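For chain D, the structure is supplied; the task is to place chain R on it using the hints.
Protein sequences, first through last, are from chains D and R. Residues 27 to 164 in our numbering are what the first sequence lists, from first letter to last. Residues -12 to 295 in our numbering are what the second sequence lists, from first letter to last.
These are calculated hints, taken from the structure and not from any lab test. Errors might be hidden in some of the hints.
[Unchecked claim] Think about it this way: if two alpha-carbon atoms lie no more than 25 Å apart in a straight line, the pair counts; the simulated DMTMM-like pairs of lysine to aspartate or glutamate are:
1) K149(D) to E99(D)
2) K30(R) to E151(D)
3) K36(D) to E199(R)
4) K151(R) to E201(R)
5) K57(R) to E99(D)
6) K92(D) to D65(D)
7) K92(D) to E53(R)
8) K106(D) to E134(R)
9) K30(R) to E58(D)
10) K30(R) to D53(D)
11) K37(D) to E53(R)
12) K261(R) to D134(D)
13) K163(D) to E151(D)
14) K106(D) to E53(R)
15) K135(D) to D29(D)
16) K30(R) to D134(D)
17) K261(R) to D65(D)
18) K92(D) to D53(D)
19) K37(D) to E151(D)
20) K151(R) to E134(R)
Computed from a predicted model, the values in this text were never measured in an experiment.
What follows is the residue order along each chain.
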Amino acid sequence: MKDPRIWGLKKSPWVYHVAAASCNNCDIEILELLTPRYDVERFGVVLVGSPRHADALLVTGVLNRKSLPRVLEVYAQTPKPCLVICIGTCTCGNQLFRNSYNAVGPYDKHLPVSAFIPGCPPKPEAMILGVVKALSKL
Amino acid sequence: MTLAGWQLAFAFVVFPGVIFTAAAGLLLTWVDRFVSARVQWRKGPPVYQPFADMLKLLLKQTVVPEGASKVTFLLAPLIGFAAMCITAVLLFYVNFFPSGSFVGDLIVLVYLFALPPLATIIGASASRNPLSAVGASREMVLYLGYELPFLLALSVPIILTGGKIRIGDLVLAQQAGGPFLTSWAGAIAAVIVLICIQAKLGYPPFDMAEAEQEIMSGVLIEYSGAPLAVFRLTKAMMLFLLPCFLVTVFWGGLANWWAILKFLAVAVLVILIKNTNPRFKIDHALRFFWFILGGLGIVAVILAFAHL
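Chain D with its partners taken away, still in its complex shape (with noise of 0.2 Å):
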C-alpha cells in the first residue's frame, strides 16, 4: 500500500459496461456476476450507470467504424485513473468480421487496455481472474 490512490482503485473498482456492438452474451454473463452465486460485491465492484463514476471500462463485441468514436467518446470522459478491461472473443480480434470493410478491432490498436478476457462467452470466473490480473498489474 504505497500509493493511496492505487490501493482505492484495488479496494472499490467501479466498472462501467460499454457494450460496442455486441451479441448480448457477454453482457448477460457479466450480469451473472452480480448475482448471489459470484457476488463480485464482495471485492467492492459496483456495477454504475455513468462513465463519470467509473474506475473500470467493460467493453465488449467487435470494435467497428460506428461503435469506435463512440467507445473513444466514453474512455474520454471516464475520470482517469481508468482500466480497459476487454469480455469476450471478438474483442481480440476481428474474427469472423476480419474480411470485413467495417471492423476496426481489436480495441489495443485504439485504446490502452488492462487486459483481454478470451471466451464466447467469457465463464464469469474468467472474468474475476481477468480483473484481479489487470488490478494487480498496478
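Below, chain R without anything else, positioned relative to chain D:
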C-alpha cells in the same frame, strides 16, 4: 449550559460534528450494503468498503462538463455537507443539554434537512446534462410531495405538549410522560416521518431522482471524484442523522444507552423498506404523499388535539 471557545470547535469538528457523523454514517452505509446483500442471499462487502470508496473518489480526477457553471457545480455539494454538519451538532446538543436549546430549533432542523435535496437540485441543474435536469425536476416534485406530510407529522408532538416548539422541551416531556410513540397520534406521525425519511434519503420506493436503470443515476450523472464523494458522504450522514431525529422527536431522545438500539431498529427498518419495494412513478409518489400520507397526517393532528 452553553459551549464556548475550544468546546464549540470540538463539537463542530470532532464530536458530534464532521468526523464522528461522517464515520458513523459511512459505517451505517456498510450496514445498509451488508443487510441488502443478506436480503439478496449474497455475502456483501467488507466493513472498510465505504471508506475505500470515499478514499478512491477523493483522490480521483474531477471532470467538469463543458458548458457547465463551474463554480456552482463544484460548490453545490458543500451546501448539503455543511448543513448536515450543523444538524449533527444541533441534534446532539439538544439531546444532551435539553435545557440549552433555543426556541424554534425544530423549525431550524426541518430547514437544515431541506438543504441536501436543494444542493442536489442546484448541482444537477448546473451540470448541463438533460438526464440530470430530469433528475432535478423529479427531486423537486418529490420534495414538494414529502414536505407537507413531514411538517404535519412534526406538528403532532408540538400539539401533544401544548405548543412547545423547542426540541429540548419535547425531549424533557418524553422523559417525564413516556415517548410520543405510545399515543395513537404519535404512532401515526412516527410512521409518516419514517416514510418521509425514505424519500429524503432517496431510497426505494422513492429513488426516482437517481433511478439507475432509466436515467443513469440522474442528478449525480455528471459528478466525479471529490464532489461525488462529498455527495455520498452527505447522504451517509443523512442516513445516520434522520433516524436519530426520529428517535429524538418521537421515541424518547438519544441521551441513554437504549437509544442506540432504538436508532439501529429505525435504521434497519429503513434499509428493509428500501430492499423490499419497487420504485414509484413520480406522479404516483406525489399523489401518495399529498393525499394518503397528507390525509393520515391530518388524522394524526386531530387525534393529537383530542390527546389520544
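Structure-based check of each hint:
1. The straight-line distance between the Cα atoms of K149(D) and E99(D) is roughly 28 Å, outside the 25 Å bound, and the hint therefore fails.
2. With a C-alpha separation of about 17 Å, the suggested pair K30(R) and E151(D) falls inside the 25 Å cut-off, and the hint holds.
3. Note on K36(D) and E199(R): the hinted pairing holds, with a Cα-Cα distance of about 24 Å set against a maximum of 25 Å.
4. Between K151(R) and E201(R) the CA atoms are separated by roughly 45 Å; this puts the pair beyond 25 Å, and the hint is violated.
5. For the proposed pair K57(R) and E99(D), the alpha carbon gap of about 21 Å is at most 25 Å, so the pair holds.
6. The straight-line distance between the Cα atoms of K92(D) and D65(D) is roughly 34 Å, outside the 25 Å bound, and the hint therefore fails.
7. Between K92(D) and E53(R), the direct Cα distance comes to roughly 24 Å. Compliance with the 25 Å bound is thereby established for this hinted pair.
8. For the hint pairing K106(D) with E134(R), the CA-to-CA distance comes to about 39 Å; that exceeds 25 Å, so the pair is violated.
9. Among the hinted pairs, K30(R) with E58(D) is consistent with the structure: their alpha-carbon atoms are about 15 Å apart, no more than 25 Å.
10. Between K30(R) and D53(D) the alpha-carbon distance is near 23 Å, which keeps this suggested pair within the 25 Å criterion.
11. Taken as a hint, the K37(D) and E53(R) pair is broken in the structure, with Cα atoms around 30 Å apart against an allowance of 25 Å.
12. Of the supplied pair hints, the one linking K261(R) and D134(D) is violated, its CA atoms being roughly 42 Å apart against a limit of 25 Å.
13. With a C-alpha separation of about 18 Å, the suggested pairing of K163(D) with E151(D) holds against the 25 Å cut-off.
14. In summary, the hint linking K106(D) to E53(R) is supported, as the alpha carbons are separated by about 17 Å, within the 25 Å threshold.
15. For the given pair, K135(D) sits about 29 Å from D29(D) by alpha-carbon distance, which is inconsistent with the 25 Å threshold.
16. Restraint check for K30(R) and D134(D): not satisfied, since their Cα atoms lie roughly 35 Å apart, outside the 25 Å limit.
17. Note on K261(R) and D65(D): the hinted pairing holds, with a Cα-Cα distance of about 19 Å set against a maximum of 25 Å.
18. Annotation: proposed proximity of K92(D) to D53(D) holds, straight-line Cα distance about 19 Å (limit 25 Å).
19. The suggested pairing of K37(D) with E151(D) holds, with an alpha-carbon distance near 18 Å, which does not exceed 25 Å.
20. A C-alpha spacing of about 21 Å is found between K151(R) and E134(R), which places the hinted pair at or below 25 Å, so the restraint holds.
Comparing the model with each earlier hint shows violations of hints 1, 4, 6, 8, 11, 12, 15 and 16; every other hint is respected.
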